[in-house]
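Number of protein chains: 2
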Amino acid sequence: MNLDIDRVFQALGDPTRRAILDCLSLGPQSVSRLAEPLGVTITAIGQHLQVLEETGFVRTDKVGRVRSCRLESAGFKAVEQWATEHRTAWERRLDTLGRLLVEDTD
Amino acid sequence: MNLDIDRVFQALGDPTRRAILDCLSLGPQSVSRLAEPLGVTITAIGQHLQVLEETGFVRTDKVGRVRSCRLESAGFKAVEQWATEHRTAWERRLDTLGRLLVEDTD
DNA sequence: CATTAAGTGAAGTCGTGGCTTCAGTATCTA
DNA sequence: TAGATACTGAAGCCACGACTTCACTTAATG
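So the sequence lines, in the order shown, correspond to chains A and C. The first sequence runs 1 to 106 under the numbering used here. The second sequence runs 1 to 106 under the numbering used here.
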């Protein structure tokens, strides 16, 4: 199950979606509980949750009429994998530059 | 110099922009050299480069009529920082779930 | 100096994304 | 069983983003 890295980053590019993740980092929540503090419709949350599920950040589980949402690690791992894969190229590049220039890291 | 994390992730959410970063990981390039393999206009590349500069992924330097582009680390570091900041919350959550049933935790 | 090359700026097109409303469908509760 | 609760699906609105074209500026080159 290979995640689309485009969609993974796009998912994180939305503040409402990151807010959902922050809420869920405190513990599982229902859809309507997520909607309350975020100032958007339940429908909107539902749509965001679909994106977050498809990108491996959230897993949901409907019990009765309530959908319970919790964090999942796949999306997060995809980000970390991208980071580690690119860190080397980055550092090699910046390394090379470091020999030619003064090393000014901010 | 705090980067907007929204824009950082949005920047990475575009395949053309990630392709630009991949090209630059092989070494500095001019705008037109970047445009060649990517099948878009020089203008489009210019617009992407503006985004990548604002999000700390690229630094450019115009010499004569040629703009030379190379990788920068700030954007990359912002991603890694976000990852490390959230890894703990993620792991704690997934940990806790291991011991509990899914239940209302309020 | 004239011509070509490299890039910029402004404007417009087109598709997508985030959001809403509204009309359902289950499910729980009095 | 009636009514409230928790969502879901479809449709539409609107803004923004990726891209183009075209006109332009600036720089290298014969």
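Simulated from the structure, these hints should not be mistaken for laboratory data. Just to be clear, a hint being listed does not mean it is correct.
Just so you know, same-sequence chains aren't split out, so a pair can sit in one copy or run between any two.
[Said to hold, decoys possible] Calculated cross-link-like contacts (lysine to any residue; reagent style SDA-like; alpha-carbon spacing at most 25 angstroms): (1) K62 - Q29; (2) K77 - G27; (3) K77 - S25; (4) K77 - R65; (5) K77 - Q50; (6) K77 - P15; (7) K62 - E85; (8) K62 - A44; (9) K62 - E91.
Going through the hints against the structure:
1. Taking the shortest alpha-carbon separations for K62 and Q29, only the intra-copy value of 11 angstroms comes in at or below 25 angstroms, while the best inter-copy value is 51 angstroms.
2. In this homomeric assembly, K77 and G27 come within 25 angstroms of each other (Cα to Cα) only inside a single copy, at 19 angstroms, whereas the closest approach across copies is 28 angstroms.
3. In this assembly of identical chains, the alpha carbons of K77 and S25 lie at most 25 angstroms apart whether taken from the same copy (16 angstroms) or from different copies (22 angstroms).
4. In this assembly of identical chains, K77 and R65 lie within 25 angstroms of each other by CA distance neither inside one copy nor across copies; the values are 31 angstroms within and 42 angstroms between.
5. For the homomeric pair K77 and Q50, the shortest alpha-carbon distance inside one copy (19 angstroms) is at most 25 angstroms, but the shortest distance between copies (29 angstroms) is not.
6. With identical chains, the CA atoms of K77 and P15 are at most 25 angstroms apart both within one copy (20 angstroms) and between copies (19 angstroms).
7. With identical chains, the CA atoms of K62 and E85 are never at most 25 angstroms apart, being 36 angstroms at best within one copy and 30 angstroms at best between copies.
8. For the homomeric pair K62 and A44, the shortest alpha-carbon distance inside one copy (18 angstroms) is at most 25 angstroms, but the shortest distance between copies (44 angstroms) is not.
9. In this homomeric assembly, K62 and E91 come within 25 angstroms of each other (Cα to Cα) only across copies, at 23 angstroms, whereas the closest approach inside a single copy is 45 angstroms.
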